[in-house]
Amino acid sequence: MSSSAQTQQPGHFHHFEPEQAYAASKFGMWLFLATELLLFGGLFCAYAVFYNRNHELFAEGSKWLDWRFGAFNTVVLLFSSFTMVRAVDSAQRGDNKKVVGWLNLTIICAAIFMVVKFFEYKAKIEHGLFPPPNIYFGLYFTMTALHGFHVLVGIGLLQWVKSLAKKGMYSTTYYTPVEVSGLYWHLVDLIWIYLFPLLYLIH
Amino acid sequence: MGAYAQGSGEQLNYINCEKGFWSWWMTIDHKRLGLMYLVSILTFFVIGGVAALLVRAELYSHGKTLYNADTYNIIFSLHGIIMIFLFIVPGIPATLGNFLLPLMVGAKDVAFPKLNRLSFWIYVLGAAVAFCALFLRVDTGWTFYTPYSIQNRWGVITMTLAAFILGFSSILTGLNFLVTIHKMRAPGMTWNRLPLFVWALYSASILQVVATPVIGITLLLLILENVMGVGVFNPAMGGDPVLFQHFFWFYSHPVVYIMILPAFGVINEIIPVFARKPIFGYRAMVIASVGIAAVSFMVWGHHMFVAGMSNNTRYIFSFITFFVAVPTAVKVFNWVGTLYKGSISWDSPMLYALSFVFLFLIAGTTGIHLATLATDAHYHDTYFVVAHFHYTIQGGAVIGLYAGLHYWFPLMFGRMYNEKLAKIAWLILFIGFNGTFLPQFLLGMEGMPRRYYDYPVEFEPLHKISSIFAFFNGLGYVLVLVNLIHGAFKGKKCERNPWGSLSLEWQTPQFPPAHDNWETIPVVTDWGYSYNKPAGYDDHAQHSASKGGSTHV
Amino acid sequence: MGAHGHSTARLGDGSLLTEDAAEGLGHIVDQKDYLKILIYLLILTVLTVVAARIDFGFFNKVVALGIASLKAYFVASTFMHLKFEGKLILLYAIYPVVLLTIFIGSLVGDEMDRTHPRPLHGVVAEPPPLVIPRPPNSAGH
Chain A
13 MSSSAQTQQP GHFHHFEPEQ AYAASKFGMW LFLATELLLF GGLFCAYAVF
63 YNRNHELFAE GSKWLDWRFG AFNTVVLLFS SFTMVRAVDS AQRGDNKKVV
113 GWLNLTIICA AIFMVVKFFE YKAKIEHGLF PPPNIYFGLY FTMTALHGFH
163 VLVGIGLLQW VKSLAKKGMY STTYYTPVEV SGLYWHLVDL IWIYLFPLLY
213 LIH
Chain B
2 MGAYAQGSGE QLNYINCEKG FWSWWMTIDH KRLGLMYLVS ILTFFVIGGV
52 AALLVRAELY SHGKTLYNAD TYNIIFSLHG IIMIFLFIVP GIPATLGNFL
102 LPLMVGAKDV AFPKLNRLSF WIYVLGAAVA FCALFLRVDT GWTFYTPYSI
152 QNRWGVITMT LAAFILGFSS ILTGLNFLVT IHKMRAPGMT WNRLPLFVWA
202 LYSASILQVV ATPVIGITLL LLILENVMGV GVFNPAMGGD PVLFQHFFWF
252 YSHPVVYIMI LPAFGVINEI IPVFARKPIF GYRAMVIASV GIAAVSFMVW
302 GHHMFVAGMS NNTRYIFSFI TFFVAVPTAV KVFNWVGTLY KGSISWDSPM
352 LYALSFVFLF LIAGTTGIHL ATLATDAHYH DTYFVVAHFH YTIQGGAVIG
402 LYAGLHYWFP LMFGRMYNEK LAKIAWLILF IGFNGTFLPQ FLLGMEGMPR
452 RYYDYPVEFE PLHKISSIFA FFNGLGYVLV LVNLIHGAFK GKKCERNPWG
502 SLSLEWQTPQ FPPAHDNWET IPVVTDWGYS YNKPAGYDDH AQHSASKGGS
552 THV
Chain C
11 MGAHGHSTAR LGDGSLLTED AAEGLGHIVD QKDYLKILIY LLILTVLTVV
61 AARIDFGFFN KVVALGIASL KAYFVASTFM HLKFEGKLIL LYAIYPVVLL
111 TIFIGSLVGD EMDRTHPRPL HGVVAEPPPL VIPRPPNSAG H
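Residue numbers (our numbering), protein chains in the order written: chain A, 13 to 215; chain B, 2 to 554; chain C, 11 to 151.
Please keep in mind that the hints were generated in silico from the structure rather than gathered at the bench. A couple of the hints might just be wrong.
[As the list claims (entries may be wrong)] Below, computed lysine-lysine pairings styled on DSS-like, alpha-carbon distance capped at 27 Å:
| no. | chain 1 | residue 1 | chain 2 | residue 2 |
| --- | --- | --- | --- | --- |
| 1 | A | K136 | C | K71 |
| 2 | A | K75 | C | K71 |
| 3 | A | K109 | C | K46 |
Make the full structure from the sequences, and use the hints.
Okay, structure coming up:
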């Protein structure tokens, strides 16, 4: 069952064959993404219920948010998804240097996102909107803070993936960490794709 | 043939291959992890059981018996929280599941062994946080309903944080099992030959992965509501306590199936062995397991019939809830079908398995009363519900766990417990359990509300009976645990596969299994249930041979 | 399972191995496609903002969520490689979405079905005054 080819593969589980390990890790990450979907889904559900109950509350609350910051952050994250997928692509081709480069861009985008978030939160606090005075702001802070937390975790994850690239670990037959963290990163982007219109652009 | 320890001449198995606390704490061996989970959950079972006896002692007579009402509220809350989050939810999957899954599919370990170890560490962290919460006030019941639970209470905040952490352990275990079952089956272990315990773990794992995040976000919102204010569950801010219940039960209904599906799986493994007959209706059992998992997501509202949902919502939930009884009944018929014309032996695992069928029958049929809107209006929040869920959880899941512990005991320890004591303990347990909870159905029908500290004197006779038998119930468990613990250390060493099972986990080259289970991955050629059938008889794979069962989907 | 170093046509879970990746494990997408998708996403973002200014009446939510879902489709299918994955991953990617739809649908449905406010424990309570802070001017900061 084990072979010399296997012992050369870094990061492989001792009882896996390479294709099996890759398929297993990818499947495992998709399962994890399912849990994230249900986690945020609860918040989207609370949003739907209260939006239905009191539309005016949401419309008024939304006026406190600057759509330009939201749109800018949306573009930043979309771009970071693009750089992430280019990183995966480079890893698939075994180009470790390019992986580092594309991951760096992704991390920079994530950092920009968090800086913008920081300024938005600062403004809210200055306007006396924290602790949240009503359900709209309760949901706004909870949803964006939970999302922001996931962005921070993503930065940490990508730094670790980058460190493996710096050691030259990736090749055409092994790039699982990049692919799998890419999936995570795209989910973070996906959630923001929904948060932006729902929080910032209510009529 | 396996390595031998120097000096003692004992064969090296997963227990004696390495010694010392650190080797256990840092292990990634699924069998060791399973044992550590077992010790942990049984510890919490005892603590939760003591809380139960304190509750029953107080309720022995009306008015104050031992302590005051505030203390009572804390004790029954802790009983529920400990039993559910720290004992029965990890339950069979974390213990028997961890130990057996790789063995049953012919793998050397689960898909992600280090993640498995992380699951255990997270469980320990959650337990530590829960322990801290014991010193703070938690008196909301295990359901943490708002608005009572959002009054800035540190006890609630800490305990819900513990439950949130424990949820991660559950999710990661479920994730690990799903990937293991899909990607690590040995050659020849097709979906059609998969042991029913594995199918049960598969179904429960889906629930663990998909449902647990919802309680995660619910508890997170509860914590935030207490700490900073969010508004969604707080009526003072225009929020909705019924929304909390919706969120809570969306997980907490599937969680009861996480508890019971693996127990069904254990029974499916035991009855064929002790009736020396193939399981009746293998395919129906599989469809029933997966079907129960699927339907379980759509019935949560039956916990909320009198909470204030709209009428149409209630009709729909009641209607769908009736459907869940169907696959469960199919399982009961199939167990009976397996026993029919079987050659039955009455060893202790079989006693547990048979009593499971009986007790779950009571549990399930009383569930119909609760699924019916008209009768539930009367029974909701009474002792009828308490009796129902103790029959399902204790009479079902806990009995299933103990059945499995007795059955797989030789495989786990290479020793046998005392069979006579096991039978006596079972009898005391069985009588004690029924004596505790049958009267509670009557109490509920007469209107005795649950979670009440005091009651009118008319209810006293039934309460007295229930309390007395509760202590027998406790005694039964004490005897079982003494027997099993003694057996694990000092029990008589037994020959391999004492029950004569055909299932793969009993076919390891070493007994108990070596650290990596198999020297070479086995090639499976037969179904594990071909008792008293010609060699190579494979009820199922013969029909589906042309479809070509795959081993790596 | 498949031999090392050779690309089998299909992995056990149904996902494809591309013929041109001689030793590849997953599908390698043409780099131009990624750029194309990014441009689609940026255009749709502009559309999101523009559509928010137009009043479609009842369909406001439908349009907003529809455009967001289209963006989500592009991210999921190409960036996350879902369109190259086999049945297994597709099933586990779609199932949670279905479940979430049932969850949200049931709760909103229950909401909409209640015709009058529920009194708390028999006491008819006045709905609490909602705190709706209004911004100094309506253009945000």
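Here is how each hint holds up against the structure:
Distance restraint check for A:K136 and C:K71: the Cα-Cα separation of roughly 26 Å lies within the 27 Å cut-off, and the hinted pair is therefore satisfied. Distance check on the hinted pair: A:K75 and C:K71 sit about 17 Å apart at the alpha-carbon level, within 27 Å; holds. Straight-line distance between C-alpha atoms of A:K109 and C:K46 comes to about 24 Å, which keeps the hinted pair within the 27 Å bound.
Checked against the numbered hints above, the structure violates none of them.
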